[in-house]
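2 protein chains.
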Amino acid sequence: MVLLDGLKLADELKIEIAAEVEKLKAAGGKTPHLAAILVGHDGGSLTYVGHKVKACDQVGFKSTLCHFEDNITEEFLLNEVKKLNEDPDVDGFIVQLPLPKHINADKVLLSIDPNKDVDGFHPVNVGRLTLGLPTYVCATPLGITKLIERYKIETAGKHCVVIGRSNIVGRPVSILMSSAAPYGNATVTVCHSKTANLKEITLQADIIIAALGKPEFLTGDMVKEGAVVIDVGTTRVPDATKKSGFSLKGDVKFDEVAPKCSAITPVPGGVGPMTVISLLLNTLKAAKNEVNA
Amino acid sequence: MVLLDGLKLADELKIEIAAEVEKLKAAGGKTPHLAAILVGHDGGSLTYVGHKVKACDQVGFKSTLCHFEDNITEEFLLNEVKKLNEDPDVDGFIVQLPLPKHINADKVLLSIDPNKDVDGFHPVNVGRLTLGLPTYVCATPLGITKLIERYKIETAGKHCVVIGRSNIVGRPVSILMSSAAPYGNATVTVCHSKTANLKEITLQADIIIAALGKPEFLTGDMVKEGAVVIDVGTTRVPDATKKSGFSLKGDVKFDEVAPKCSAITPVPGGVGPMTVISLLLNTLKAAKNEVNA
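So the sequence lines, in the order shown, correspond to chains X and P. In case it helps, numbering that gives the first Met the number 0 puts the first sequence at residues 0 to 292. In case it helps, numbering that gives the first Met the number 0 puts the second sequence at residues 0 to 292.
Please keep in mind that the hints were generated in silico from the structure rather than gathered at the bench. Mixed in with the good hints, there may be bad ones.
Because identical chains share one entry, a pair is satisfied inside a single copy or across any pair of copies.
[Stated by the list, open to error] Pairs of lysine-lysine, DSS-like flavour, derived with a Cα cap of 25 Å:
1. Lys151 <-> Lys193
2. Lys242 <-> Lys252
3. Lys287 <-> Lys106
4. Lys22 <-> Lys284
5. Lys223 <-> Lys198
6. Lys198 <-> Lys157
Isolated chain X, as found in the complex:
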């Protein structure tokens, strides 16, 4: 059984990205520049944005954090987005979610220039993904395809079962896995809360991508021998033995499932560390003008 080590792969990719940045600069190009808008003081958001800024430092990107109090108006925020849209030095930027309730998050996300939308949430970029055009693929699906590619998981003609149809994981990853791409060409089944006979379907899967957000949902009896299992779940579960008071649980009952697998991602340390790398990869793409949305 191969452990799909997202931490290790993330470190490798950071070294590769840093080398690309050096090459760009040596050729007279500009330093890739990622900006992040953060509103308020949500603990999770502060942590995530912190990780992203740190990762930029590690690979030699320039980063800008625009941190505002949670009493700013929607109009103010839309104007800040406009400034970043128009700033020629900023290659890409993200608006960290969640936003305060008095701000319409959809309206804000739609106002981001699709060419700078390195989170890949804008409908134009989702449409380009669906159509197989060059685009910014959103973080978790892109991270999954990188794990699959680097660990040389065979996908063509394989049966991949995706559990979950969310706009940020299940839906896009199901499109990518069935597309004519090096990480794709799988026969893909999308399962969700309305699926009648889930176990019958997962037992047929060569590859399972669990992205439903229910801790330890996928049990050993649902997986066939030799399957590849990608666990996207990261639910915080109270844990008195941890300093933080919680531990991260995946959607997969690891102890039961892992022994049956040919390969599996751990939680934490599997898909999670790949999402920040996806943001770096998208920002590099933006700096190189590889997407023309």
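Using the hints provided, position chain P relative to the given structure of chain X.
Frame of chain X; chain P shown alone:
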């Protein structure tokens, strides 16, 4: 076995659309207006555009046909698109494909205002479909969902197998069928040319949507008793007994498959007639400003 009669449903929907137009006008609204750009004299294109213009007449829409010679420049065509984008009386328009080889069709389609893109081909609208936002759904997938809704085919929790992953049929219909919508909530498997064990999968299907474009590909031994079969194929096959010299063949071997089905679309007269209706439905949506792309 129920024959899913696209011709009959198309006639019913035309009557409903005509009534809506009357209601709109009685309330002081404008007459829905569809424009079509046609370049050159391709026989198929002339026929299709003719059908569309005639359907507009039948439901009380205004229609405009912009017919140009095939030696126009790309620049000229882009300017004609711009004129229609800016014409406040035109609610929606289409550019009939194929275009002459010296014109970049992608560039032309991308230049259409997404709010007037009643063919639903623009990435913004494909993205909105993928994300479950109000949009113009492209013609064949929309026609299929209308057939399913009107014939009260149960889809929630059912296993729907889509054969084909094209941008205009297989991919969008697979997204729609698995989305949280009245015609959706199915467990959907996308199969394609790289699928290894197709028959094993189709034999599990409650609903099969065949959209691969290979005449009589789906045979009786590939379908389980009681399945619903939607045949999207319309390949022209030489036929000396027809005045036209050809007959239309679906992707389904009808004589073998139909007796096993609880419901099936014929070819011709199934999905085909629904596509023009989809265009009318999208134009009506445009006239009512129901999409804000």
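Hints versus structure:
With identical chains, the CA atoms of Lys151 and Lys193 are at most 25 Å apart between copies only, with a shortest distance of 18 Å across copies and 32 Å within one. For a Cα distance limit of 25 Å, the shortest separation of Lys242 from Lys252 inside one copy, 23 Å, qualifies, whereas the shortest one across copies, 65 Å, does not. Only between protomers do Lys287 and Lys106 lie at most 25 Å apart by alpha-carbon distance; the minimum there is 21 Å, versus 28 Å within a single protomer. Proximity of Lys22 to Lys284 under the C-alpha cut-off of 25 Å is restricted to the intra-copy arrangement: shortest distance 14 Å within a copy versus 50 Å between copies.
In this assembly of identical chains, Lys223 and Lys198 lie within 25 Å of each other by CA distance both inside one copy and across copies; the values are 10 Å within and 20 Å between. For a Cα distance limit of 25 Å, the shortest separation of Lys198 from Lys157 qualifies both inside one copy, at 18 Å, and across copies, at 14 Å.
When held up to the earlier numbered hints, the structure conflicts with none and fits them all.
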